[in-house]
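Novice: Letter by letter, the chains look like this.
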Amino acid sequence: MSDKRATLAEAVATVPDGARIAVGGNTLHRGPGAAVHEIVRQGKHGLEIVKTAGAYDVDLLCAAGCVAAVSAGFVGYETPFGMAPAYREAVESGVVEAREHACATVIAGLRAAIQGVPFMPVAGLGGSDLPAARGFQAVADPYSEATVYVVPALTPDVAILHVQEADAAGNGRIIGTRFEDVLMAQAARRVILTAERITDGAAFAEAPESVAIPSFLVDTVVAAPNGAWPFSCTPHYGYDAAYLGAWLAAARDPDAAREFIADQILAPAAVSA
Amino acid sequence: MIDSGARAAPWDMMAVAMARLLHSGETVFHGVASPLPMVAILLATHLHAPDLTYLNITGAIDAEPERLPESTVDPALLHRTRALVTLADLFDLSARGRLDVAFLSGVQIDAEGRINLSAIGSYQHPTVRLPGGAGSAMLMPTARRVILWRTKHDPRTFVERLDFVTAAGNVDRVVTPLGIFARHDHRLEVESLHPGVTPDAFREATGFAVAVGPETPVTSTPTVEELMVLRAIDPGGVVRSEFA
Numbered sequence: 077m078s079d080k081r082a083t084l085a086e087a088v089a090t091v092p093d094g095a096r097i098a099v100g101g102n103t104l105h106r107g108p109g110a111a112v113h114e115i116v117r118q119g120k121h122g123l124e125i126v127k128t129a130g131a132y133d134v135d136l137l138c139a140a141g142c143v144a145a146v147s148a149g150f151v152g153y154e155t156p157f158g159m160a161p162a163y164r165e166a167v168e169s170g171v172v173e174a175r176e177h178a179c180a181t182v183i184a185g186l187r188a189a190i191q192g193v194p195f196m197p198v199a200g201l202g203g204s205d206l207p208a209a210r211g212f213q214a215v216a217d218p219y220s221e222a223t224v225y226v227v228p229a230l231t232p233d234v235a236i237l238h239v240q241e242a243d244a245a246g247n248g249r250i251i252g253t254r255f256e257d258v259l260m261a262q263a264a265r266r267v268i269l270t271a272e273r274i275t276d277g278a279a280f281a282e283a284p285e286s287v288a289i290p291s292f293l294v295d296t297v298v299a300a301p302n303g304a305w306p307f308s309c310t311p312h313y314g315y316d317a318a319y320l321g322a323w324l325a326a327a328r329d330p331d332a333a334r335e336f337i338a339d340q341i342l343a344p345a346a347v348s349a
Numbered sequence: 325m326i327d328s329g330a331r332a333a334p335w336d337m338m339a340v341a342m343a344r345l346l347h348s349g350e351t352v353f354h355g356v357a358s359p360l361p362m363v364a365i366l367l368a369t370h371l372h373a374p375d376l377t378y379l380n381i382t383g384a385i386d387a388e389p390e391r392l393p394e395s396t397v398d399p400a401l402l403h404r405t406r407a408l409v410t411l412a413d414l415f416d417l418s419a420r421g422r423l424d425v426a427f428l429s430g431v432q433i434d435a436e437g438r439i440n441l442s443a444i445g446s447y448q449h450p451t452v453r454l455p456g457g458a459g460s461a462m463l464m465p466t467a468r469r470v471i472l473w474r475t476k477h478d479p480r481t482f483v484e485r486l487d488f489v490t491a492a493g494n495v496d497r498v499v500t501p502l503g504i505f506a507r508h509d510h511r512l513e514v515e516s517l518h519p520g521v522t523p524d525a526f527r528e529a530t531g532f533a534v535a536v537g538p539e540t541p542v543t544s545t546p547t548v549e550e551l552m553v554l555r556a557i558d559p560g561g562v563v564r565s566e567f568a
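So the sequences go chain by chain: A and B. Note that the first sequence ends on residue 349 in our numbering; no numbers are left out. Note that the second sequence ends on residue 568 in our numbering; no numbers are left out.
The hints are simulated quantities; they were obtained by calculation from the structure and are not laboratory data. Quick reminder that beta carbons are idealized off the backbone N, C-alpha and C, glycines included. Wrong hints could be hidden among the right ones.
Stated by the list, open to error - Covered, in the sense of this in silico footprint (three residues per stretch, anywhere, with C-beta under 8 Å from a C-beta of chain B), are these stretches of chain A:
| id | stretch |
| --- | --- |
| 1 | 147-153 |
| 2 | 166-175 |
| 3 | 178-186 |
| 4 | 246-255 |
| 5 | 292-305 |
Take the sequences, apply the hints, and build the full model.
Specialist: Printed below as a string of structure tokens:
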């Protein structure tokens, strides 16, 4: 089994500008925070972010000028904090394209990619303006009189996922909710796994069903203790409400957001890689 | 002290009203950013609907959270779940017609009970880019019943015309701080006004025409039992968080 370990900087360096990246986790929880910060540090641009429900990841990457488009069903910090101000500003000013989805159409697009088919039928969507706005077509069921909406395959160039535990080969264990991480790992052309800790995978053989992401799907593994921060990573830590509050206070103003990014993320003493 | 004679706080009234709409035996789902549905579902399971199946976006089934989080995707919502599914599994459940109730909301809601969570102004060049509808465009037509809730009841929320239709579908009720709409023949009708809300106040707060008058029923005030159970479930008052 090959050793796929790399530093965070090395792993993120393999993400090309303009890539479509699937970002693991959901709203405030188990996003790959350290990798997102490294993307900012490396000054990536033109990225398309794929996620059912994003928050700080989408918001920060928009503020830092890394993003061209966001394919998501929801972007916001939920009730504790509300809307994502930098994402809003980027979309409202036309810098970032909101490729709005229903969360279920993100999943359907990933499933099409996973199954090697060009599109995937999805139930519902009737009466919504979303299909027209996004160009999702309704097609005739060849076996009945029904019609069904289909969404095109959504193939991420890279999935970036943070898990609680992995081995050097890239077997990743997820504690608690898996969100869309497994689908992302299956759909993406390449997978970068960051992990709270890298352990000897021999122990995984005792409970292989606990491994959510199998190594053969994974290209790069990064030891990233505290690597979801400021997202939660159960059972190790919750989301960092104080930090997110400080970020959101800055994010409402583009200059303040840039200053925050310079001080908190780009400065050498900031967030360790 | 809990005094059912006093007028209930709007969050308590909403949580209780939403809980009363749920029935034992139903499968009930809430997604992101849904503190009131979370509280209402748990309240129903502790009162009149013990056999309700509580599903949420974490994939937990009948979780019994020790503390209620403000984020409704929080791992706290996994507590005591005996099985774990994925969000995709829950969408699939709705897609095949097996989800009884989904709680959804809208920044704008029209007289047909359609919602906008996408954009204010032009969709392509929005004045306000909203968070997006999350699961709603798929859930609203496929869940058997959709209960909308919204903590703001004003003419900018309840509008004649949506700027964008994010989702439309099987809306059954809409619960607000002022009252409850029920949908009949694709049109929201006032089912009841919460105690202390006048017909004029309700009419003025609603941006589309509503039939409301002295004959309009009044929502039953939360009972002492409902409020006691609500406090026991939610001692920290997460139920208030959407009113901040």
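Novice: For every hint, state whether the structure bears it out.
Specialist: Here is what the structure says about each hint:
1. Counting residues of the stretch 147-153 of chain A whose CB lies closer than 8 Å to any CB of chain B gives 5, which reaches the minimum of 3, so the coverage claim holds.
2. Here's how the stretch 166-175 of chain A fares: 4 of its residues keep a CB closer than 8 Å to some CB of chain B, so the rule of at least three is met and the hint holds.
3. Proximity of the stretch 178-186 of chain A to chain B, defined as three or more residues with a beta carbon under 8 Å from a beta carbon of that chain, is established by the 5 residues found.
4. Under a criterion of three residues with beta carbons nearer than 8 Å to beta carbons of chain B, the stated coverage of the stretch 246-255 of chain A is upheld, 4 such residues being counted.
5. For the stretch 292-305 of chain A, the stated coverage by chain B is violated: 0 residues have a C-beta nearer than 8 Å to a C-beta of that chain, whereas at least 3 were required.
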